[in-house]
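Undergrad: Chain by chain, the residues:
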Amino acid sequence: MADSKPVSERPLSPHLQIYRPMLTMMMSIVHRITGAALFFGTLLMAWWLIAAASGPTAYATFQWFAGSIIGRLVLFGYTWALFHHMLGGIRHFIWDTGRGFGPGEREWLVRANLVGSIVLTVLTWIVAYAVRGGV
Amino acid sequence: MSHSKSSMRTPLGRVRGLGSARSGTEHFWMQRVTAVANVPLSLFVIGLIITTAGSNYAAVKATLGSPLVAIPLILFVVSATWHMRLGMQMIIEDYVPAEGTKVVLLLANTFFSVAVGMGCVFAILKLSFGV
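Heads up: the sequence lines are chains A and B, in that order.
Quick note: the first sequence uses the numbering used here, first residue 1, plus one each step.
Quick note: the second sequence uses the numbering used here, first residue 1, plus one each step.
Among the clues, some could well be false.
Among the chain A residues that face chain B by a calculated CB cut under 10 Å, a handful are [as the list claims (entries may be wrong)]:
no., residue
1, G35
2, A36
3, G104
Don't read these hints as lab results, they were simulated from the structure.
Beta carbons are placed, not taken as given, at the ideal position from N, Cα and C, and that holds for glycine.
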């Protein structure tokens, strides 16, 4: 079984705390954290859809939350997590093909990932406010 | 499976002959399949949220219930909740060594993902078919 313990205390491979923090490593961790955030964030999507299906009162409650300062902050963070995780996924697709592992390439990829996620998030919110007419 | 601390057998030796897990690369592959699907689908959902954010209830209801919106929305819900279940499963398996806690969390992961997915799909279908 998967839980079988080593008979003798065999040496384990070193874990996070032994390495000097590097950008590729931090971005790998952030990819996982954003994934976990998106996991719980689907509750918001469920709230939105179920409220819409329930009726005007329930939908008004959701709109009140989504329009509040806290709601906007959560949605802004959610937008960033989504773009970061999406671009991180595309980075992993590139790595899945065996490309982009050179020292320069992988640094460039994670930087593009980080910058791209911030740019796309801000752009999305600018478009959102423009479409809604500044509300 | 119990084994004594004094056994001379290595972990590999103990599992040899018990057969493979028979799942092979399915977890890896389905994570990629749903990831590919999630890229266009989540961009669609972002666009949908932006366009419906300022609308009144009747307009939102009509939009979410129309087939060309409801179908990709359902596809997104299925793909996203499937993908997140696979991802959270990996996190749990990586960080929770205790067998009992791990099984409980893996069950909770599946229940949560399916509940969110089914809740969303039901809501979209209700918006589509009325009542």
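Undergrad: The structure should be examined with respect to each hint, and the outcome stated for every one.
TA: Here is how each hint holds up against the structure:
no.: 1; hint: G35; verdict: holds (5 Å)
no.: 2; hint: A36; verdict: holds (6 Å)
no.: 3; hint: G104; verdict: violated (25 Å)
In terms of the numbered hints stated before, the structure departs from hint 3 and from no other.
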